[in-house]
Every structure is written in C-alpha cells, then in structure tokens.
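Make one complex out of these two single chains by using the hints.
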Amino acid sequence: MDLLNNFDTAVLVNVAYIAASILFIVGLKMLGSPDTARRGNLLSSTGMLLAVLVTLADQSIIDFTWILVGLISGGVIGCLAATRVQMTSMPEMVAIFNGFGGIASLLVGSAEFVRESDYLFPIFLTVLIGGLTFTGSLVAYGKLSEILGGRPTLYKGQQIVNSILLLLIAATGIEMIFLQQIFTASETLLILCGLAMVLGILFVIPIGGADMPVVIALLNSFSGLAACAAGFVIENNVLIVAGALVGASGLILTNIMCKAMNRSLANVLFSGFGSVSEDTSSGSVEQGEVKPISSSDAYLILEAASSVLIVPGYGMAVAQAQHAVRELGELLESNGAEVKYAIHPVAGRMPGHMNVLLAEANVSYDVLVEPDDVNPIMETVDVCMVIGANDVVNPDAKDNEGSPIYGMPIIEVDNSKTVFVLKRSMASGFAGIQNPLFFKQNSRMLFGDAKETVSELVAEFKA
Amino acid sequence: MEGQILLLFILVLAIFLGIELITKVPSTLHTPLMSGANAISGITLVGALLSSGSGETITTILGTAAVFFATINVIGGYLVTNRMLGMFKKKQ
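Top line first, the protein sequences correspond to chains A and B.
Take the first sequence: its letters are residues 582 to 1044, numbered as in the numbering used here.
Take the second sequence: its letters are residues 124 to 215, numbered as in the numbering used here.
The hints are simulated quantities; they were obtained by calculation from the structure and are not laboratory data.
Among the hints, erroneous ones may be present.
What the hints assert, rightly or not - Which stretches of chain A does chain B cover? Using the computed rule of at least three CB atoms under 8 Å from a CB of chain B, they are: (1) 654-665; (2) 742-756; (3) 1023-1030.
What the hints assert, rightly or not - With a straight-line cut-off of 25 Å between C-alpha atoms, the simulated DSS-like cross-links for lysine-lysine are: (4) B:Lys213 with B:Lys147; (5) A:Lys921 with A:Lys1043; (6) A:Lys921 with B:Lys213; (7) B:Lys147 with A:Lys840; (8) A:Lys998 with A:Lys921; (9) A:Lys921 with A:Lys1032; (10) A:Lys998 with A:Lys872; (11) A:Lys610 with B:Lys213; (12) A:Lys979 with A:Lys1021; (13) A:Lys921 with A:Lys1021; (14) A:Lys737 with A:Lys872; (15) A:Lys979 with A:Lys998; (16) A:Lys872 with B:Lys213; (17) A:Lys921 with B:Lys147; (18) A:Lys840 with A:Lys737; (19) A:Lys840 with A:Lys610; (20) A:Lys998 with A:Lys1032; (21) A:Lys610 with B:Lys147; (22) A:Lys872 with A:Lys1021; (23) B:Lys147 with B:Lys212; (24) A:Lys1032 with B:Lys212; (25) B:Lys212 with A:Lys610; (26) A:Lys1032 with A:Lys872; (27) A:Lys979 with A:Lys840.
Quick caveat, the model's predicted, so the values are computed rather than measured.
A virtual CB, placed ideally from N, CA and C, is assigned to each residue, including glycine.
Pulled out of the complex, with its shape left as it was, chain B reads as follows (with noise of 0.2 Å):
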C-alpha cells in the first residue's frame, strides 16, 4: 500500500510538470506534440514484455497481443513524428 501511495505521489508531480510543459507548446506543433505523446503512451509496452516473456500461457498470449500493439503506436509514432517535423521550415 504505500508502493502505491508513492507512485500516486509520482503521478501527481508528473502531471502538474506535464502541465507545464505542454502549455508552451506553439499551436503549429500540435499535432507533432499528439503523435508525439502517442509514442510516449507506448511505455506500456515495458509491462507488455514482462508478461509476453513470463513463460505462463495466457499471460503470454495477452502480453505478445500488448506488446505488438504498444509496439506499433512506438515505432508508429516516433517515426510519423519525425517525418511531420523534418517538414516545420524557416525561411532562409
């Protein structure tokens, strides 16, 4: 119990810092910042491996179906990300 009372600590600190962040962000990057998050959404898939890796039959199977998931919105977003952002140009 105060494991978690710890990480509810983490969490709240984690989102007002996020807040802060995130406010500073100009509208033209908006949807780089979506796809962005997106990608970061995909920590997931740390849980995703331990139980994809824990040798016991239905939490193998329900972890491999999370971390193909979570690995596709990973690599999915990371990689749209750069692409939209190889495109945000000043003029020379």
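So here's chain A without its partners, still in its complex pose (with noise of 0.2 Å):
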C-alpha cells in the first residue's frame, strides 16, 4: 500500500514538473508579441509556482525551518530590487541577478557532491558554470554600475594564463571524477570553486563596457546552462526544459549583438575591443570644424520638419531625458511632423534597452524602428535627432576601412536633410572612437544635457 502510495506521488510530481514545463513554453511564446507579453510573464511565473510547491510535498524533505529562512529572505530581497531598480539601471540588475542564479546553481552541484551523488561530471559541468557565471556576472554589474571602470583590462600574456587555468580546471575535472586520489572530495570541490570563479573575472575583464551587452546575454545563457547541468545532477527534466530554454534564450540574444556590431563571438570576447584609440581616425583626418546650434535655432527647423526621426543612445538614459524626449515628439507629431524612434540592437547597455526606457516614457511601441526599416528611406527624413548616441550612427562604420567599427550596420542619419547631435561635449564614444558625423555639412551640434537641451526646445514649442 505504501509502495503504491510513493508510486503515485512520485507521477504526481512528474505531471506537474511537465505542467510547468508547458507553462514556461507557453509563456515564452507570448512574449513574442507586447500585446500577450505580460499574461507570458504571468503564466511563466505560475509554472514556476507550481514546480516550487510540488517540490515541497516531496517526501525527502524532513525539515523545512531553513528552507523558509532562504526563501523569505530571498523573497523579500528580490521584491525590493524589482520594485525600486530604475530602469536605466535595468542592465545592472540583469547581471547580478545572471550572478545569482549562477552561483545557485553552483551550491546545488556542491551540495549533491556532498551527498556523494554518483552524477560527477554533471556536478563538474554546474560547479564550472555556475561559478564561472557567478563571478562574471559580478564584474559584468561593477563595470555597468561603474564601480569598476568600463575599460578592458589587458595584460601580457593573458592568452597564456587562461589556457594554463583551462588546463588546470581540465586536470581537476580528471580528478574528481575519475582519479580521486590527489586531494581528498571536498578539497577538489573547493579547487574547482576556486578555478571556476577565476575563470570568470578573467573571462569578463578584458572586455570594454560597449560590447557589455553581449556579454550580459552570454552570462544569462550561461545561467540557464548551469540550471540545465544542475538538471542532470539531480535528474530533474523540469531544470532542463527550463534550463535549455534560458540558454537558448540567451545564445540567440548573443548572436544578435554580435551580427549588430558586425564582430563574431570570439573577437567580442577576445580582442579587448576600445582599449586603445590608436590609429583609429587614421582614415578620417579631414574632419574639419563642428557646427554648433543654438535651441532657438534648432527649434524653428524642428517646427518647419514634416518628418523627425529620434536616435536614442545610452546617454539619453544618462541623461535621463525620455520624458523630456517624449514631449517633444508629442509636440512635433501636433505640429503635424511624423515622428518616429529609430533604435539600434546595441543602442544602450543591453538588448532592448532603449526600448524600455522609452516604454517607461509612454512612448507607444509601434512608433519604434530598427534600423532597416528606416536606412532606405533616410533621405526623405527632414530632421534627425541624436540624443546620447554616437558608435551606432558613425559613418565611418560604412566609409572608412581602417575604423574599428567598419562593416557594423549603423542607423545612417547621415543621410537625411539635417542631423542635430545632442552632445554633452566633444569626447568620443563608449568605444573610445572618433566620430565623423559631427563634421558633417549638414549636422549641427546642440552642447549640452541632453534633458535641460530638450526641455528648452520643448519651451519653444510651447512658448
């Protein structure tokens, strides 16, 4: 009767890991579209719901005093951080949250190893990433939080110390699962720890802060990955579905930063992209004297404009001008102007980030475009603006081959009648290059905070 009893709970447990299995699916699906996406969200969070508390009618389990200790403390921390985090600090938040599940997943490996689970090499593989995800992710939030700088660090020889670390993590892999002679169980465990976390700062410190986008959608494949490894270790399909998708999920994101910069995954990674600024404006010297334009100036070509394309960067968000960006646009668009937000894959600090900030401004999400969309028709474009942004608009991506950045696909307001450049001042971009557009016949410099400059064109309007 017992027998039969354990036999039912364990499909019970079965049914709803695959219910919520079903759920996740469901709720990726919807969020291919922003008229489901938050019933995604919904249905996503039910699954999990769901997987949670049949795991707590699990029979192994014989005392749940510390298992409440972490999830109200975790619960609690976690509502915070999701109610205050502005959205300007969403790429921050991202990484250290790619950190935690990481290391999560990390302490369930360890903990099986302890147990002596039989499953070693899928215990290596969740300490490996779990670690290596969690410090990765930690640098990834100092540099994006600019507690550390955004700079690559490069050194001598970095080449060699990390394949000397792969090696080691590589020899302590044999040792744990197959040798067991060298070190006693949790001597190794703690190795591996070690090397993992290592292996992490060195993966992500010797990449600039422009290319950061990549690595937050890397970090949370990665993330995913460990929570599918963790799966194995505990024979869990429900971790690996969900898992899988998250590493998925983050791999394609990957690929799209990438092909956006023109740049494959290894030269991302690798190459310390922005560290120095060299020869880069060797192919554009003939750059010649800015425009400068006052406000008011600016202001009788916007009310003359039939159609305002707005180009959003990261210093918009900086800036924090996107309410202020909205008024404008909703005074252009009554003045009779057409008005639309051209955004760039890797405008802002991760994807979508724009995106976001600009949904928070209630600007409606059918007036955004991609590049693609508006590159063909630049010409017919009266007015371009560009707040904050400035790598994703270069021209020298298209005309000059010597640039760093040449072959990257850029939004080309270069092309229409009239570019304003928002601009606090005239230093390069987050990756450290010149930027020829600003010399352009037909650009015109507005100095300034991009909000107080916006906010005073919106004064004109009004006025």
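Quick look at the structure:
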C-alpha cells in the first residue's frame, strides 16, 4: 500500500513538472508580442510556483525551517530590488541576477557532491558553469554600475594565463571524476569552485564597456546552462527544459548583438575592443569644424520639419531625458510632423534597453523602428535628432575601412537632410572612436545636457 | 546511465524548441525577455529546496544559501519583468 502511494506521488510530481514546463514554453511564446507578453510572464511565473509547490511536497524533505528562511529572505530582497530599480539600471540588475542564478546552481551541485551523488560529470559542469557565471556577472555588474572602470583590462600573456587556467580546470575535472586520489573530495570541490570563479573574472575583465550587451546576453545563457547541468545532477526534467530555454534565449541574443556589431563572438570576447584608440582616426583626419546651433535656431528647423527621426543612445539614459524626449515628440506630432524613433540593436547597455526606457516614458511601441526600416528612406527625413548615441550613427562604419567598427550596420542619419547631435561635449563615445558625423555639412551640434536641451526645445514649442 | 541519456534527449529537444520560440521575440521586448529568462533560470530553486530540507548539516547550509539566491532570482526576475511589460503600450 505504501509502495503504491509512493508511486502515485512520484507520478503526480512529474505530471506537475510537465505542466510547469508547458507553462514556461507558452509563457515564452507569448513574449512574441507586446500585447500578450505580460500574460506570458504571468503564466511563466505560475509554472515556477507550481514547480516549487510540488517540490515542497516531496517526501525527502524532513525539515522546512531553513527552506523558509531562504525563501523569505530571498523573496524580500528580490521584491525590493524589483520594485525599486530604475529602468536605466536594468542592465546592472539583470547582470547581478544572472550571477545569483549561477551561484545557486553551483551550490546545488556542491550539495549533491557532498551527499556523494554518482553523477560526477554533471556536478563538475554545474560547479564550473555556475562559478564562472557568478564571478563573471559580478564583474559585469561592476563595469555597468561604474564601480569598476568600463575600459577593458588587458595584460601581457593573457592568453597563456587563460590556457593554463583551462588546463588546471580540466585536470581538476579528471581528478574529480576519475582519479579521486590526489585530494580529498571536499578539497577537489573547493579547488574547482576557486578555479571556476577565477575563470569568470578573467573572462569578463578584458571585455570593453561597449561590448557589455553581448556579455550580459552570454552570461544569461550560462545561467540557464548551469541550471540545466544541475538538472542532470538531480535527474530533474523541469530544470533541464527551463535551463535549455534560457540557454537558447541567451545564445540567440548574443548572436543578434554580435551581428549588429558585425563582429564574431570570438572577437568580442578576446580582442579587448576599445582598449586603445591608436590609429582609429587614421582614415578620417580631414575632419574640419563642428557647427554648433542654439536651441532656438534648432526649434525653427524642427518647427518646419514634416518628418523627424529620433535616435536615442545610452546618453539619453544617463541624462534621464526620455520623458522630455517623449514630450518633444508629442509636440512635434501635434505640429504636423511624423515622428519615429530609430533604435539600434546595440544602443544602450543591454538588448532592448532603449525600448524599455521609451516605454517607461509612455512612447507607443509602434513608433519604434529598426535601422533596416529607416535606412532606405533616410533621404526623405527632414531632421534626425541623435540623443546620446554615438557609435551606432558613426559613418566610419561604412566609409572608413581603417575604423575598428568598419562593417557594423548603423543608422545612416548622415543621409537625412539635417542632423542634430545632442551631446555633452566633443568626447568620443563609449568605444573611444572618433565620429566624423559631427563634422558633416548637414550636422549641427546641440551641446549640453540632453535633458536640458530637449526641455528648452519643448519650452520653445510651448511659447 | 540510461536515465542520463534520456535527459540528454530532452535537453536537445528543449534547446531546439527554445531557439524556435526566442527567434520570434521582437527586439522591442529583448530586455523583458532577458529578465524573464533570468527568472526562469531560477528553476534551480527546485534542487535547492531538496538540499535545504535534507536534514544533513552541510547539505542544508549549501542548500539554504542556494534557496536564498535562487529565490531572489525568481521573485525579482518575474516582478521586474512584469513591471517593465506593464509599461509597453500601444497608441490608443
């Protein structure tokens, strides 16, 4: 009788896990459109709740005290973080959450190792991926929140150090899985944790701030793969399905980001892009003078424009100018102009960052367009307003073969009739590259804080 | 061993399914996609719960820490995604 009961519970638990997996899958599918996305997220979270509840019913759990401690403390912190974070700081938040996912998987793998699980290879992978995701994400967090410098850290013999580290990890893996002679089990585990964490740090420090969207996407993928590996350790389907979905999602975003910069993943990870600005301006020294414009003169041009394209970049986020920008957009529209927002896939510090900021400011998502939509009709645009974007509108990407960003698809604002560049100063962008756009015939510079400049324009319209 | 092969089979299918699903997500929603995916990766919580409630000292310590981190990931991830998605509006 008891046996029958056990059998029934096991089946029931697994059916619940299947249901949870379905909810995750349907939830992700509903993220395919902004209309259904919110319900999709709700479904996905219902799946998570279901998975957690049936797990709590598992008979191998004999003490709930510590579970509650973990759930409540983690829940409170998660709640606070999620409700307080500024939309401009989303990249940092996602980075650190990736790290938490990584360390959680590492701990689960370690706990199973301590219990002398037989699945040593999956444990090895869980600890390795979890550890490197954790420290890699912390470094990414540091760079994004500017606790650490955004510049890539490069040193001599970097590749050699990395190779040695990988060899040591492989050796530890062999000791852990096959030999089990040189060290005690817990020593091996600690060594592996340490090596994985060092690997995570060394993996992210050489990557420049401008490449952070790629790194976050990749670490996102890793956090999923770590959960996946943990699924092999505890032989649990739902971990594998959920982890694989996240892993695939991160990989696809990584790929999109790399394509948007016309670079390979290997190039992003190992080149230390943006570390040196040596011969970057070699092909475009004939730069000439920039032509500043006052906001009242800019107003006159905008007032006469019948189509305006706004190109936001990270600078808009820093200046918190998104609300003022939306107000200006509305005024332009009521003045009879067609207003669109062109968003480059790598604008901002994470995939889709600009879209969220504009959504926060109540800009309707159907006026947001991609470079491929606007580039062919750029000649017909009266005014392009570049707000805090730099590298994604740099014409060197198509004209100057010597430029490090040569070949990167850009928003070709230089083809429009007039370009306003809102910029604090003449300093080069995040990637540290000169931008010949500023010196073009049809470019006018609106110097100053983006929020103030846009507010001045808004005031002119209202006057 | 046979169990592990079966799990591998599920993994392969799930990855293909994931690729199909995610390529259809528009770039406008990439940030909520990441934070939502992030929350899903907190599924490791399931494993953490079992360790945390095992009653063995070291496993409990490791498991409780894992529950803590995974819960931040799950709760924080879903809430912030919900908050973001609530902002996406179409022109009325």
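Checked hints:
1. 654-665: holds (count 9)
2. 742-756: Since 0 is below three, the answer is violated.
3. 1023-1030: It is violated: at least three residues are needed, and the stretch 1023-1030 of chain A offers just 0 whose Cβ sits closer than 8 Å to chain B.
4. B:Lys213 with B:Lys147: Since the Cα atoms of B:Lys213 and B:Lys147 sit roughly 19 Å apart, the hinted pair holds (cutoff 25 Å).
5. A:Lys921 with A:Lys1043: Holds. A:Lys921 to A:Lys1043 sits at ~21 Å (cutoff 25 Å).
6. A:Lys921 with B:Lys213: 14 Å, holds
7. B:Lys147 with A:Lys840: 17 Å, holds
8. A:Lys998 with A:Lys921: Holds - the C-alpha atoms of A:Lys921 and A:Lys998 are around 15 Å apart, at most 25 Å.
9. A:Lys921 with A:Lys1032: 19 Å, holds
10. A:Lys998 with A:Lys872: 15 Å, holds
11. A:Lys610 with B:Lys213: Satisfied, since the Cα-Cα distance of roughly 20 Å is no more than 25 Å.
12. A:Lys979 with A:Lys1021: Between A:Lys979 and A:Lys1021 the Cα gap is close to 15 Å, so the pair holds against 25 Å.
13. A:Lys921 with A:Lys1021: Holds, at roughly 23 Å.
14. A:Lys737 with A:Lys872: The hint is violated at about 42 Å.
15. A:Lys979 with A:Lys998: 19 Å, holds
16. A:Lys872 with B:Lys213: Between A:Lys872 and B:Lys213 the Cα gap is close to 38 Å, so the pair fails against 25 Å, i.e. violated.
17. A:Lys921 with B:Lys147: 23 Å, holds
18. A:Lys840 with A:Lys737: 29 Å, violated
19. A:Lys840 with A:Lys610: With Cα atoms ~23 Å apart, A:Lys840 and A:Lys610 stay inside 25 Å; holds.
20. A:Lys998 with A:Lys1032: Roughly 24 Å between the alpha carbons, so the hint for A:Lys998 and A:Lys1032 holds.
21. A:Lys610 with B:Lys147: Status holds; Cα separation ~8 Å.
22. A:Lys872 with A:Lys1021: 9 Å, holds
23. B:Lys147 with B:Lys212: With Cα atoms ~19 Å apart, B:Lys147 and B:Lys212 stay inside 25 Å; holds.
24. A:Lys1032 with B:Lys212: Distance of about 23 Å is within 25 Å: holds.
25. B:Lys212 with A:Lys610: Distance ~19 Å between B:Lys212 and A:Lys610 Cα, so the pair holds.
26. A:Lys1032 with A:Lys872: Measuring from Cα to Cα gives roughly 20 Å; hence the hint holds.
27. A:Lys979 with A:Lys840: 15 Å, holds
Figure legend: structure checked against the earlier numbered hints; hints not met, in rising order: 2, 3, 14, 16, 18.
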